[in-house]
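With chain L held as given, fit chain G onto it using these hints.
Chains as they are written, first to last, in numbering that gives the first Met the number 0: chain L, 0 to 542; chain G, 0 to 400.
Derived by calculation from the structure, the hints in this document are not laboratory data.
Values in this document were obtained by computation on a predicted structure and should not be read as measured data.
One or more of the hints may lead you astray.
Okay, derived cross-link-like pairs now, SDA-like style, lysine to any residue, Cα gap no bigger than 20 Å in a straight line [what the hints assert, rightly or not]: (1) G:K228 / G:S333; (2) G:K367 / L:I13; (3) G:K228 / G:T176; (4) G:K343 / L:N33; (5) L:K319 / L:R297; (6) L:K9 / L:V86; (7) L:K278 / L:G415; (8) G:K343 / L:L24; (9) L:K278 / G:S333; (10) G:K367 / L:Y443; (11) G:K343 / L:T37; (12) L:K319 / L:G402.
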Amino acid sequence: MAWRWLTRMKTALIILAVLGVQTLLATVVPQEPNVPATVADWRSGVAGPGTAVSQVIDVFGGYDVYGSPLFLALLLLLFTSLTACLVPRIRAFWRSARHGRPPLSRNITRQEHVATFASPLAADEVHARTRTLLARRRHRLRSADADDLGDGQVAAEKGIVSREGGSLLFHLSFYVLLVGIVLGQLTGFLGQVGVVEGSGFTDTSQAYWSTQPGRWWGYDDHTDFQLELDEFRVDWVRDVRFGGTPSLFEADVTVTEADGDVRTDTISPNVPMVVDGQKIHLLDWGYAPRIVVSDGGRVVWDGTTTARVTDDGSFRTAVKAPGADPDVGLAVALYPWAPPGEDGTPQITGAPWADDPLLVVAAYRGDLRLDQVQDVNRLDTTGLDLVDTAFVRLGGEVELADGTTVAFPELSRWAGLQVSRRPTVGLLLAGAALLLAGLVPALYAYRRRVWVRAVDDPAGGSMVTVAGRAFQRPDAFTGEFEDLVPLLRQELDAVPEDGPDDHEDAAPDDRGTDDAAVAVTSPKGGDASAPTTPTSGEEKVTT
Amino acid sequence: MTQPELAELSRFLFEPLALSLLTVSMVAYLYAMSARHVPRPDGTVATSGRRAEQAGFVLAVLGTIALAAHIVVRTLAAERMPLGNMFEFSTIIALTTVVVGLVVVVGRLKRPDLMGFLLLGAVLTMGAALLVYTEPGPLQQVLGTSWRAIHVSAIVFAAGLFTVAFVFGALYLLRDTAERHLRASMPGGSVGAARAVDLADDDLGTVPQRTSPDTVEGDVAELEEQFGKEHRRRMRAAIDPVRLAVGTLLGTSAVSWVFWVEGLRAGQDLFGSGFTRFVTVDIVMVLAALLARWAVPYLPSAATLDAMAYRTIAFAFPIWSFAVITGAIWAEQSWGRYWGWDPKETSAFLTWVAYAGYLHARATRGMKGRNAGWLAILAFGVLMFTYYGVNLVISGLHSYA
Numbered sequence: 000m001a002w003r004w005l006t007r008m009k010t011a012l013i014i015l016a017v018l019g020v021q022t023l024l025a026t027v028v029p030q031e032p033n034v035p036a037t038v039a040d041w042r043s044g045v046a047g048p049g050t051a052v053s054q055v056i057d058v059f060g061g062y063d064v065y066g067s068p069l070f071l072a073l074l075l076l077l078f079t080s081l082t083a084c085l086v087p088r089i090r091a092f093w094r095s096a097r098h099g100r101p102p103l104s105r106n107i108t109r110q111e112h113v114a115t116f117a118s119p120l121a122a123d124e125v126h127a128r129t130r131t132l133l134a135r136r137r138h139r140l141r142s143a144d145a146d147d148l149g150d151g152q153v154a155a156e157k158g159i160v161s162r163e164g165g166s167l168l169f170h171l172s173f174y175v176l177l178v179g180i181v182l183g184q185l186t187g188f189l190g191q192v193g194v195v196e197g198s199g200f201t202d203t204s205q206a207y208w209s210t211q212p213g214r215w216w217g218y219d220d221h222t223d224f225q226l227e228l229d230e231f232r233v234d235w236v237r238d239v240r241f242g243g244t245p246s247l248f249e250a251d252v253t254v255t256e257a258d259g260d261v262r263t264d265t266i267s268p269n270v271p272m273v274v275d276g277q278k279i280h281l282l283d284w285g286y287a288p289r290i291v292v293s294d295g296g297r298v299v300w301d302g303t304t305t306a307r308v309t310d311d312g313s314f315r316t317a318v319k320a321p322g323a324d325p326d327v328g329l330a331v332a333l334y335p336w337a338p339p340g341e342d343g344t345p346q347i348t349g350a351p352w353a354d355d356p357l358l359v360v361a362a363y364r365g366d367l368r369l370d371q372v373q374d375v376n377r378l379d380t381t382g383l384d385l386v387d388t389a390f391v392r393l394g395g396e397v398e399l400a401d402g403t404t405v406a407f408p409e410l411s412r413w414a415g416l417q418v419s420r421r422p423t424v425g426l427l428l429a430g431a432a433l434l435l436a437g438l439v440p441a442l443y444a445y446r447r448r449v450w451v452r453a454v455d456d457p458a459g460g461s462m463v464t465v466a467g468r469a470f471q472r473p474d475a476f477t478g479e480f481e482d483l484v485p486l487l488r489q490e491l492d493a494v495p496e497d498g499p500d501d502h503e504d505a506a507p508d509d510r511g512t513d514d515a516a517v518a519v520t521s522p523k524g525g526d527a528s529a530p531t532t533p534t535s536g537e538e539k540v541t542t
Numbered sequence: 000m001t002q003p004e005l006a007e008l009s010r011f012l013f014e015p016l017a018l019s020l021l022t023v024s025m026v027a028y029l030y031a032m033s034a035r036h037v038p039r040p041d042g043t044v045a046t047s048g049r050r051a052e053q054a055g056f057v058l059a060v061l062g063t064i065a066l067a068a069h070i071v072v073r074t075l076a077a078e079r080m081p082l083g084n085m086f087e088f089s090t091i092i093a094l095t096t097v098v099v100g101l102v103v104v105v106g107r108l109k110r111p112d113l114m115g116f117l118l119l120g121a122v123l124t125m126g127a128a129l130l131v132y133t134e135p136g137p138l139q140q141v142l143g144t145s146w147r148a149i150h151v152s153a154i155v156f157a158a159g160l161f162t163v164a165f166v167f168g169a170l171y172l173l174r175d176t177a178e179r180h181l182r183a184s185m186p187g188g189s190v191g192a193a194r195a196v197d198l199a200d201d202d203l204g205t206v207p208q209r210t211s212p213d214t215v216e217g218d219v220a221e222l223e224e225q226f227g228k229e230h231r232r233r234m235r236a237a238i239d240p241v242r243l244a245v246g247t248l249l250g251t252s253a254v255s256w257v258f259w260v261e262g263l264r265a266g267q268d269l270f271g272s273g274f275t276r277f278v279t280v281d282i283v284m285v286l287a288a289l290l291a292r293w294a295v296p297y298l299p300s301a302a303t304l305d306a307m308a309y310r311t312i313a314f315a316f317p318i319w320s321f322a323v324i325t326g327a328i329w330a331e332q333s334w335g336r337y338w339g340w341d342p343k344e345t346s347a348f349l350t351w352v353a354y355a356g357y358l359h360a361r362a363t364r365g366m367k368g369r370n371a372g373w374l375a376i377l378a379f380g381v382l383m384f385t386y387y388g389v390n391l392v393i394s395g396l397h398s399y400a
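Chain G with its partners taken away, still in its complex shape:
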């Protein structure tokens, strides 16, 4: 096959193939999440959810294979490791998210109910990758060093893990709001309360393994039977959709404005395609937040989500540290200075500081819980700014993306 043919094939494997497979898998998993909680009149639990879950798993595996194949073909098309530009970074972040989801979250922790949202994160990352699509091609010579493979793969892997942690952290905040509301409205009620208090002092918390759908969170399941639809309604009602939508819009805009500014820099009209990108990203994120609100009653307990977010960040943080250090080593080798306050270096360091802040807050009385949760969201915002903002808008030595 010729180079352009390989390039075309790699593009096809990415979009539509992998993107649509993972999107359908996401829908299947989200459906399974909601269906498994439907009790039948005879007292058994619906199995329709399980079929959808199996279908989702198969589709996710196929999508992962397609994505991995895309990376292989792209490697052949460009005749180099695909670690050279933003499109390629995004692809690997998405791959990391899906693989961590399938292997750790579904495989080891037996938490398929979270897979839908991890897939949502991966699909959105892939969609955003298409906004910065680059044809496979050769690299600048400065990138031709083994440090690139080490530094870039570590930083992209850590970014994928942080994406997973963001999904957990955002869901934790929503679920926590709902649980608090429920607890407050039912004096003496025990939904999640005891557990949340117990786990609060444990550094890494416990992630209870889920064995079968009906042993999950006994008290929630009980309430489910008692109140059913009413219970779900009340959980969702705890989260004001307007506030959620506006908050998500503003939060996303804190980063997504770079698409608009990039468009203006490229000489587009004020409301040109850069503006369209900016608005699209914002709307998609708001829709995702509203989807999460709908899913709140089906989510694991807030304490579990919090523990999972913490563990993911605790795992990713040393990898990110390592990546920043190798970046400094590479800079020393390549530019003769290990640190130059280049915007990319600075913001990668800032991301490190933000996640370090989260880890410290998690270990500090009065800061843990929701405060730490918000810090995790903020840290992810800083990461996204480091990734999109600095690459697209701010010129520096790293602006070859």
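Looking at chain L on its own, in the form it has when it is part of the complex:
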């Protein structure tokens, strides 16, 4: 009972619809794996519909739809339903592909398309030549043994393998894709790292800012290459109309592979570097100001931090100097282009090019609690006391209210690189190719049958009836049938040794057919005798 329900097309469509609705919700509601910051804002009520709605969303796992048990269970159900549909179809397809032969037509003159003409050849010869012609046109044939219907007949069929086969291939490609995706998830690796110009990193788990390793990914799978960022170039269209559109974004890198090979390459959008089967993409960037903090003449911090861009165009970072007493923490905002106005106060433009960089620092004192896990780019100010705020220009130095000095001697940039290993991309590509290869014949190939029956005429020659019927795309078949009949007629007109006729007046005159025209009848709307429903259920799509 449940199995029967599962195999129904309607069930599959309903499951698909539920999955669709879930997916639609996931497009509207931010997803935690994609945009964790937005989700945090929704949860705290800073953005989105408010905390109450947010809690409801959380109850239904709405912030991680694709990882939710309901989604995965439905996906499993869908694949089960698909399998339940496909197994009998494959079996039937296999049978018909191997043994299936078109049935004979009991009432050949009552088929959808019928044409009659006379041939100078004997019936047996007509059947033989028809078989050759139809076989050449790649029809599968069934011969009529005489006692089957009382007279000879050629039955031919075409299109069943490509249509049903295409449909099966299309549906089977989903399994290839599923295997590719799951295997890729398990064995793949994704890691992000920021590298300041002139420095580098080594491919080990500790070096990455963040990683998403697959379950079957181990530490040993790192290939231990070393990467140096030689130069990073970025530029924008500096035009008021299109201000901020990046025009240049690329990084020159030198990679030393584990076996000692050294390669230099340029990474730019769409052009990743491939190292030991891993792709290195350039996805992110920011400014890296060098900041020197002195407390009472003693340098407590001298380092380059990686500042990340925010919505207002500033680049934010933090300095955490536990060497001072008490700890000094700076919340830093870098405005790349903040030229001084007429009265000397900086004019913040929000433009990303560093024509006139300005550092805005807010200095705090207190316990930085560095024993806890923290975001390196953000200063957690809870429990800290604000000392002072100040501007620092590039190359400048400023003394804060408590005597601490902050210097900004250098500005460089960092590039955000992503290292990814996707071992199953080839498999997925193959799955996609199968999908397309199956889809086109599944939609366009059509199954049709042709019958040819010749009856010996006592006066010599024979009377030939050609009939045809399409299961799909009847209009396409109408054209094909109209082409086939003259072709067949020409083939069957071939003059036997003793025949006197030539093509123009081949037909004997007493048969009720015009000698020039072939009588072709096509279905009329509402003709009850023309069967338009396939008689057996096997060719109906069930999945």
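Chain G in isolation, oriented as in the chain L frame:
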């Protein structure tokens, strides 16, 4: 010519030139559709419709040329292929709709009576394009790859075809309602009934070619002579205008709310220009639906419209599949992951699922016919959400439109 001059010229070619040419052509075609069915007292069929049809054809060709010229000039102005933002996508969707209409529907299928509504679809797409107008300009570097040309042109072409299919599908539902009503009110009547049943089992159906106006749908033409005005009145009466208007309003609002929200996000007042856009889109769609109701008696049979909608979707679906696949390939090349559940990826996939659902429903007993027809409308709604909603409101990696 300088860049700004080219930009101005391209804008002129689009609006007012192409937009007005196609609008006038649409009116001519709609008039021709209604006029050709007017029998004269002496029994002949009015020819005024044919003149209007010829005029409509010429205007549509001119409008198409203007639209194509606009794309060429815009290419020169921006110094790149015009496949970079929503305005450009919409332009190409409209161009696809008009070209498919002229070449396939008018040229091959000899169905000029459907051209008016295809032009309506194209004109509305162009109008909506003006809502998201962008000056021609350079692209982000990430878009500078040959995958962009392949992925974007395939997806925009498929979207144009889906627009054509939506026109057919919506007209099918209206016509089907009218035919059912007529059949029910006339026991023993045969309007479209036999044909609808015959075609129901054929996957691709037949699209009967139309040769001359008086051989069209014999039984309908007969009835036309018998009942004339009364017949048209009864067909229209089958569709409740209030229900149609409210349904269209709600259906359109399911997507058009994004214009309002976009306005609010940009800091506009609650009833600012975003709200105006939202209301305008809704009103225009309701008017279009009422226009279609008026045209119901002149439309081809429901079975024909259904078959045409199916064939268009069956043609567009592999192209959309291909486009989604190339999108994944591009994502792998550009971002190092072939699929990231980015809202745009997800909704493009959802559109694929919706149309796949339609194709399956069309092949399933108990689902085909009106149910499948509604699924086609729903699928187009998902497509529109993918296009407008995700681009304008939901931020993701594709939000450069």
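Going through the hints against the structure:
no.: 1; hint: G:K228 / G:S333; in the structure: violated (61 Å)
no.: 2; hint: G:K367 / L:I13; in the structure: holds (15 Å)
no.: 3; hint: G:K228 / G:T176; in the structure: holds (19 Å)
no.: 4; hint: G:K343 / L:N33; in the structure: holds (13 Å)
no.: 5; hint: L:K319 / L:R297; in the structure: holds (15 Å)
no.: 6; hint: L:K9 / L:V86; in the structure: holds (17 Å)
no.: 7; hint: L:K278 / L:G415; in the structure: holds (14 Å)
no.: 8; hint: G:K343 / L:L24; in the structure: holds (13 Å)
no.: 9; hint: L:K278 / G:S333; in the structure: holds (10 Å)
no.: 10; hint: G:K367 / L:Y443; in the structure: holds (19 Å)
no.: 11; hint: G:K343 / L:T37; in the structure: holds (17 Å)
no.: 12; hint: L:K319 / L:G402; in the structure: holds (17 Å)
Of the hints listed earlier, the one the structure fails to meet is number 1.
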